[in-house]
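Engineer: Make the full structure from the sequences, and use the hints.
As you go down the protein sequences, you meet chains A and B in turn. When we follow the working numbering, the leftmost residue of the first sequence carries the number 1, and every step to the right adds one. When we follow the working numbering, the leftmost residue of the second sequence carries the number 1, and every step to the right adds one.
Since the hints were derived computationally from the structure, they do not count as laboratory data. Every residue gets a Cβ at the ideal spot worked out from N, C-alpha and C, and that includes glycine. Don't take every hint at face value.
[Unchecked claim] Selected chain A positions facing chain B (in silico; Cβ < 10 Å): (1) 20; (2) 56; (3) 59.
[As the list claims (entries may be wrong)] Between beta-carbon pairs, the in silico distance windows are: (4) B:109 / A:23: 26 to 32 Å; (5) A:26 / B:41: 24 to 30 Å; (6) B:103 / A:32: 31 to 37 Å.
[Said to hold, decoys possible] Chain B stretches covered by chain A per the calculated footprint, using a threshold of three residues with CB under 8 Å from any CB of chain A: (7) 94-102; (8) 162-168.
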Amino acid sequence: MPLLRRSCRDVTALVLRAEDQALPWRERLAVRLHMLACRACPRFAAQVALMRRASARWRAYSENSSD
Amino acid sequence: MSDFAKALETLRPQLLKFARLQLRNPDWAEDAVSDTLLAALEKPQAFAGQSQLKTWLIGILKHKLVDQIRRHQREISATPEDGQDLDEALFLPDGHWREAPQDWGDPEAALRQLEFIKVLEACVEHLPGQQGRLFMMREWLELETEEICKVLAISPTNLWVMLHRARLRLRECLQLNWFAGAAPARS
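Structural biologist: Laid out in C-alpha cells, this is it:
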C-alpha cells in the first residue's frame, strides 16, 4: 500500500502534529501501520506522550506548589 | 503594608519567572506582573474562599500575559524564526532515523520526581525565544492552536513548524539532561 507508506521522518512529524490537531483518517492509518513495522517510532511516540504528561504536571506544579 | 500585600509581594518572583518564560521580554513581563498584582489589590475580596493565593494569582497572570501578547503582537509575529531545524540532525536523507530514539522507560518513574519537572522547566527556558513563546502559549497558557494563530496573526502552518521544532528541541534537552545520564528515573 504505497499510498499509506510513510518514512520515519514523516511519521515523527505526524506524531507531533497530532499533539495539536486531529489527523485525517488516512494519516492516522498510515501512522498505525508504520508503528506495527517500526521499532524506533513507537519509542518516539512514547517520548512525546511522556512530554505531554510532564507538561501537564509542570503546569499543575506552577499553579499549586508553595515554593 | 497589609498582610495581603505582603503575601502578594512574596509571590512576585514566581509570577515574574513565568511571565518571563512566556513573554521572553523582561519589560513586558514586569508589566504583566504589575497588572496582575494591581488587579489582585483592587479586588482582594475575589480571593476570599479560594484555597491558594498562588493558584488565584497565576490565573490572573495568565489573562494578563495574553493581554501583553495582544499588545505586542506585531513585534512578536515579526520575530524571525530562530533555531535550526533538528530534523536534519535526526534523520538520514531517505527519512530513516540516524539513531533510534532511546526507550525512556516508565513515565511514572520520571513524572513522580520533582527534579524531573525542574529539568523540564529549565529545558523550556532554553528554547529559542519564539519557539519558547509558542510552546508556552500552547502548553502553559493552554490556548488552542486556532486562538494562537488569531492572536499572533500567523498561519497554522507556521505555528505547526515552530511547535514541531520546539518539541524536538525539548525532547533533545530532556534526553541529554535527564535520560542519558545516570538519572535515577531511568529504568
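Engineer: All hints are to be evaluated individually against the structure, with a verdict given for each.
Structural biologist: Hints, verified against the model:
1. Because the beta carbon of residue 20 of chain A sits about 5 Å from the nearest beta carbon in chain B, less than 10 Å, this interface hint is met.
2. Taking 10 Å as the C-beta contact cut-off toward chain B, the hint placing residue 56 of chain A at the interface holds, the least distance being around 8 Å.
3. About 6 Å separates the beta-carbon of residue 59 of chain A from the nearest beta-carbon of chain B, less than 10 Å, and the hint is met.
4. Judged by the Cβ atoms, the range 26 to 32 Å given for residue 109 of chain B and residue 23 of chain A holds: they are separated by roughly 30 Å.
5. As the Cβ distance of residue 26 of chain A to residue 41 of chain B is approximately 55 Å, the hint placing it in 24 to 30 Å is violated.
6. For residue 103 of chain B and residue 32 of chain A, the hinted distance range of 31 to 37 Å is not satisfied, since their beta carbons lie about 20 Å from each other.
7. Figure legend: the stretch 94-102 of chain B, annotated as covered by chain A; annotation consistent (7 residues with Cβ-Cβ distances under 8 Å, at least 3 required).
8. For the stretch 162-168 of chain B, the proposed coverage by chain A is satisfied: 4 residues have a C-beta within less than 8 Å of a C-beta in that chain, meeting the threshold of three.
Hint compliance for this structure: hints 5, 6 are not met, and every other hint is.
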